[in-house]
Amino acid sequence: MAKCLDHFKRANEHWRFVRIVIVDKDIREVKVIRKKLPEARVLYATFT
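For the sequence shown, this note's numbering gives the first residue as 307, with consecutive numbering after it.
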(Lines of atoms letter the chains of each structure in order from A and count residues from 1; the text may use other names and numbers.)
(Lines give C-alpha, C1' and ligand atoms only; values in the text may rest on other atoms or scores of the structure.)
Protein backbone atom coordinates (compact mmCIF):
# COMPACT_ATOMS: atom_id res chain seq x y z
CA MET A 1 0.00 0.00 0.00
CA ALA A 2 2.84 2.41 0.79
CA LYS A 3 4.38 1.91 -2.66
CA CYS A 4 0.99 2.38 -4.30
CA LEU A 5 0.41 5.67 -2.50
CA ASP A 6 3.94 6.87 -3.27
CA HIS A 7 3.27 6.22 -6.96
CA PHE A 8 -0.08 7.99 -6.72
CA LYS A 9 1.62 11.03 -5.20
CA ARG A 10 4.33 11.09 -7.88
CA ALA A 11 1.80 10.75 -10.69
CA ASN A 12 -0.69 13.32 -9.35
CA GLU A 13 0.66 16.76 -8.60
CA HIS A 14 -2.58 17.70 -6.83
CA TRP A 15 -2.53 14.78 -4.38
CA ARG A 16 -2.51 17.27 -1.50
CA PHE A 17 -6.13 18.08 -2.32
CA VAL A 18 -7.32 14.56 -1.42
CA ARG A 19 -9.59 15.04 1.59
CA ILE A 20 -11.47 11.75 1.83
CA VAL A 21 -10.43 8.13 1.29
CA ILE A 22 -13.18 5.51 1.47
CA VAL A 23 -12.01 2.02 2.40
CA ASP A 24 -13.52 -1.36 3.04
CA LYS A 25 -13.73 -2.24 6.73
CA ASP A 26 -11.33 -5.16 6.19
CA ILE A 27 -8.43 -3.08 4.87
CA ARG A 28 -5.41 -3.40 7.13
CA GLU A 29 -3.37 -0.52 5.74
CA VAL A 30 -5.35 2.36 7.23
CA LYS A 31 -2.29 3.51 9.21
CA VAL A 32 -0.33 3.74 5.95
CA ILE A 33 -3.06 5.80 4.32
CA ARG A 34 -3.16 8.15 7.30
CA LYS A 35 0.62 8.52 7.21
CA LYS A 36 0.92 9.06 3.44
CA LEU A 37 -2.18 11.29 3.13
CA PRO A 38 -2.26 13.13 6.46
CA GLU A 39 -4.86 15.70 5.38
CA ALA A 40 -7.37 13.07 4.27
CA ARG A 41 -10.10 11.57 6.41
CA VAL A 42 -10.42 7.80 6.19
CA LEU A 43 -14.04 6.67 6.02
CA TYR A 44 -15.13 3.06 6.29
CA ALA A 45 -17.64 1.92 3.69
CA THR A 46 -20.62 -0.07 4.87
CA PHE A 47 -22.32 -2.49 2.53
CA THR A 48 -25.81 -3.74 3.25
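Hints were generated in silico from the structure; no laboratory data involved.
Do not rely on the hints blindly, as some may be mistaken.
[To be verified] Computed spacing ranges between beta-carbons, pair by pair:
id: 1; residue 1: HIS320; residue 2: ARG340; range: 17 to 27 Å
id: 2; residue 1: PHE353; residue 2: GLU319; range: 26 to 36 Å
id: 3; residue 1: ARG316; residue 2: PHE353; range: 15 to 25 Å
id: 4; residue 1: LYS341; residue 2: HIS320; range: 17 to 27 Å
id: 5; residue 1: CYS310; residue 2: LEU349; range: 27 to 37 Å
[Unchecked claim] Calculated cross-link-like contacts (lysine to aspartate or glutamate; reagent style EDC-like; alpha-carbon spacing at most 16 Å):
id: 6; residue 1: LYS331; residue 2: ASP312
id: 7; residue 1: LYS309; residue 2: GLU335
id: 8; residue 1: LYS315; residue 2: ASP332
As the structure is a prediction and not an experimental result, all values here were calculated from the model.
All C-beta atoms in this analysis are idealised placements derived from N, C-alpha and C, irrespective of residue type, glycine included.
Hint by hint, here is what the structure shows:
For the hinted restraint 17 to 27 Å between HIS320 and ARG340, the CB-CB distance of approximately 19 Å keeps it satisfied. At roughly 33 Å, the beta-carbon separation of PHE353 and GLU319 lies within the given 26 to 36 Å, and the hint holds. Hint check: ARG316 to PHE353, Cβ distance near 32 Å, so the stated range 15 to 25 Å is violated. LYS341 and HIS320 have their C-beta atoms about 19 Å apart, which keeps the hinted 17 to 27 Å range intact.
A hinted range of 27 to 37 Å for the beta carbons of CYS310 and LEU349 is inconsistent with their spacing of about 18 Å. At roughly 22 Å between alpha-carbon atoms, LYS331 and ASP312 are farther apart than 16 Å, so this suggested pair is violated. Between LYS309 and GLU335 the CA atoms are separated by roughly 12 Å; this keeps the pair inside 16 Å, and the hint holds. Restraint check for LYS315 and ASP332: not satisfied, since their Cα atoms lie roughly 24 Å apart, outside the 16 Å limit.
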